[in-house]
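2 protein chains.
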Amino acid sequence: MPTNRVLIFSQVPQGVPIPGQDLKVVEKEGPHPTSTRPPPGGFIAQSVYVSFDPSMRMRMTTPDKAGVFPPYPIGTALTSACIVKVLVVDSSISTFKPGDLLLGNGPVQEYHTVTASAVPQFTPLPPNPFGLEPSVFLGALGSTGLVAYAGLYHFVKPKRGETILISAASGAIGHLLGQLAKREGMTVLGIVGSDEKVDILTRKLNFDGAVNYKKGDLHKSLKELAPNGVDVYFDNVGGQVLEVAIDILNQNGRIISCGAASQYNLPIEKQYGIRNTFLIISKTLTWTGLASRPGAWMLAYEEERQKNMQKWIHDGTMKPLNSFTYGFENSADGVVDLLKGSNVGKAILNLTDAVNEP
Amino acid sequence: MPTNRVLIFSQVPQGVPIPGQDLKVVEKEGPHPTSTRPPPGGFIAQSVYVSFDPSMRMRMTTPDKAGVFPPYPIGTALTSACIVKVLVVDSSISTFKPGDLLLGNGPVQEYHTVTASAVPQFTPLPPNPFGLEPSVFLGALGSTGLVAYAGLYHFVKPKRGETILISAASGAIGHLLGQLAKREGMTVLGIVGSDEKVDILTRKLNFDGAVNYKKGDLHKSLKELAPNGVDVYFDNVGGQVLEVAIDILNQNGRIISCGAASQYNLPIEKQYGIRNTFLIISKTLTWTGLASRPGAWMLAYEEERQKNMQKWIHDGTMKPLNSFTYGFENSADGVVDLLKGSNVGKAILNLTDAVNEP
Numbered sequence: 001m002p003t004n005r006v007l008i009f010s011q012v013p014q015g016v017p018i019p020g021q022d023l024k025v026v027e028k029e030g031p032h033p034t035s036t037r038p039p040p041g042g043f044i045a046q047s048v049y050v051s052f053d054p055s056m057r058m059r060m061t062t063p064d065k066a067g068v069f070p071p072y073p074i075g076t077a078l079t080s081a082c083i084v085k086v087l088v089v090d091s092s093i094s095t096f097k098p099g100d101l102l103l104g105n106g107p108v109q110e111y112h113t114v115t116a117s118a119v120p121q122f123t124p125l126p127p128n129p130f131g132l133e134p135s136v137f138l139g140a141l142g143s144t145g146l147v148a149y150a151g152l153y154h155f156v157k158p159k160r161g162e163t164i165l166i167s168a169a170s171g172a173i174g175h176l177l178g179q180l181a182k183r184e185g186m187t188v189l190g191i192v193g194s195d196e197k198v199d200i201l202t203r204k205l206n207f208d209g210a211v212n213y214k215k216g217d218l219h220k221s222l223k224e225l226a227p228n229g230v231d232v233y234f235d236n237v238g239g240q241v242l243e244v245a246i247d248i249l250n251q252n253g254r255i256i257s258c259g260a261a262s263q264y265n266l267p268i269e270k271q272y273g274i275r276n277t278f279l280i281i282s283k284t285l286t287w288t289g290l291a292s293r294p295g296a297w298m299l300a301y302e303e304e305r306q307k308n309m310q311k312w313i314h315d316g317t318m319k320p321l322n323s324f325t326y327g328f329e330n331s332a333d334g335v336v337d338l339l340k341g342s343n344v345g346k347a348i349l350n351l352t353d354a355v356n357e358p
Numbered sequence: 359m360p361t362n363r364v365l366i367f368s369q370v371p372q373g374v375p376i377p378g379q380d381l382k383v384v385e386k387e388g389p390h391p392t393s394t395r396p397p398p399g400g401f402i403a404q405s406v407y408v409s410f411d412p413s414m415r416m417r418m419t420t421p422d423k424a425g426v427f428p429p430y431p432i433g434t435a436l437t438s439a440c441i442v443k444v445l446v447v448d449s450s451i452s453t454f455k456p457g458d459l460l461l462g463n464g465p466v467q468e469y470h471t472v473t474a475s476a477v478p479q480f481t482p483l484p485p486n487p488f489g490l491e492p493s494v495f496l497g498a499l500g501s502t503g504l505v506a507y508a509g510l511y512h513f514v515k516p517k518r519g520e521t522i523l524i525s526a527a528s529g530a531i532g533h534l535l536g537q538l539a540k541r542e543g544m545t546v547l548g549i550v551g552s553d554e555k556v557d558i559l560t561r562k563l564n565f566d567g568a569v570n571y572k573k574g575d576l577h578k579s580l581k582e583l584a585p586n587g588v589d590v591y592f593d594n595v596g597g598q599v600l601e602v603a604i605d606i607l608n609q610n611g612r613i614i615s616c617g618a619a620s621q622y623n624l625p626i627e628k629q630y631g632i633r634n635t636f637l638i639i640s641k642t643l644t645w646t647g648l649a650s651r652p653g654a655w656m657l658a659y660e661e662e663r664q665k666n667m668q669k670w671i672h673d674g675t676m677k678p679l680n681s682f683t684y685g686f687e688n689s690a691d692g693v694v695d696l697l698k699g700s701n702v703g704k705a706i707l708n709l710t711d712a713v714n715e716p
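Heads up: the sequence lines are chains A and B, in that order.
Note that the working numbering has the first sequence beginning at 1, numbered continuously upward.
Note that the working numbering has the second sequence beginning at 359, numbered continuously upward.
Don't take each hint at face value.
[To be verified] Listed next, the in silico DSSO-like pairs over lysine-lysine satisfying Cα-Cα at most 27 Å (straight line):
{"hint": "1", "chain 1": "B", "residue 1": "K515", "chain 2": "A", "residue 2": "K159"}
{"hint": "2", "chain 1": "B", "residue 1": "K517", "chain 2": "A", "residue 2": "K157"}
{"hint": "3", "chain 1": "A", "residue 1": "K283", "chain 2": "B", "residue 2": "K641"}
{"hint": "4", "chain 1": "A", "residue 1": "K319", "chain 2": "A", "residue 2": "K182"}
{"hint": "5", "chain 1": "A", "residue 1": "K182", "chain 2": "A", "residue 2": "K220"}
{"hint": "6", "chain 1": "A", "residue 1": "K307", "chain 2": "A", "residue 2": "K159"}
The hints are simulated quantities; they were obtained by calculation from the structure and are not laboratory data.
Because the structure is a prediction, the values reported are computed rather than measured.
Full structure from sequences and hints, please.
So, in structure tokens, the structure goes:
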């Protein structure tokens, strides 16, 4: 009999969450889904891939400190996007069958008993004419890929010859955005947290340059990397890196803020204060917030995104990267690794071993 | 024999400049202009009004710390916009004559000997069909008025029913911008530094409300003043007030940064760090820098601005306010009063008494 484990938000973390303390993998109580019948109008499914996202950290808070995302109630499962494999369906469902893979959103757990009211949270994977590996639909062809695609065309408005600087450039959004910007003829520079990531960007993903912000003086490194300055800064990290980027932006430069990963684990009084905002005036900068909620404006890019990026991934001119955490028992560590910036590309909990078990 | 005094930048101030130490009124050496002939192709004129602007503080620095404005060389006269009265012209000049008032830009001093090469710095006042008091051409009908007018239509893009919050709202730009926004059907709120200024805005200029940021908790006061939040924040001050404004902005709010008066007197390491820039993402804010350099985009509004604002000032529906400093001997104090925020409306050195002397 398989277990049914669930990843619980057990207490509000101080700083980076601690596995086993703030986030706990526990055995789910009650009868195991695979030993029961599907609920009327529902189905039973097994998790294959689970998306880990920085926004999870913002949800690990109390309701009075809630931001844009609803807080996880303490003692309940984290929720996230996932790909599940259908095991048993109620006879009233004709739109999918056992063995189908569905994109969903639900608790982070091994098995799902999906009631009729939760069925709309699950949809078949998009058409996949090139037979791409399904996990890509949580990354490049999922919401982070859409943020990169729509973010580039809607906000960055790429111009051939301009220089774009991207922070967390090897992250889920950054590594795709950089490749898309490169296709548009921009000079693409990245800021990352290790020499290994610098190598990945410049050798594997065709970035024009990258710096490790943990080594040396970032201001100096960026001045050397971009002697003609930077026209666009796409920010995924906030904090001091953002302040330095404002310093090196060119006249009429543009900032697109998409994340503040360096600040998510800090209380407001410890968050980094940006001191050089007067440069917004003297350099006549524009600064736009890009929230990764898939609003109508973003979904308007979806069809074009799927068509183009599927083709580019298939022909090898777009390289989506994943950081897999293997095994449900490691799920808390996987979330924490992401929050520490250990991942390259999209962070995904990979449960295919369990699915492929006999 | 009249004196010819000049306002000298004598040393780089620490913080707010000190009259008599950092800024000195001194007797200009050499023969007095009124006792000499005009230079070939030039003229001799007397200052009537001199504009005092916050940007003067940014120019009181050393070249290595220069920002967008060129620093004043130590030991030389401050320069600024002015209105002068022509005394004597060289016979080669036919475009204006003694007694004419000219708009100019030059050293802050009582009398000007304008050489042929400096003549293009001076132009006749714009047509003035309603016979408005000339000082208005340094304020509402000068560059600050153009910033307010073009800033509103080009950047704020006013929408009837929206709420705009303006800091330094009784200042040279703020008090005009608020009146213009009100004409467009916006709810107009101001942040100022005294109860007297609150009164002026709400009783005299028809603002919907205003708060004194020096009294009580600004965050709380603004929440009470704008229970439905704020759609646009027009910032003239930067610093902590800016941080609070970001907090209370509505979803999809817009920030237009036009000045950072609270920070001009501080070295970078003492400048206030804005900690809540992650709200730019979650509220999908846009933030635009409006530098008060009269670029082409701004000058495109000039004709319309003169036509409309002259009419509105004449019919009393637009009230331009001035803070006059009287007498050249008080010019250093006038600059410092402006930098301390003592002014209401446009800060102008008023030398009409001297001009009107027999």
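Hint check, failures only: none
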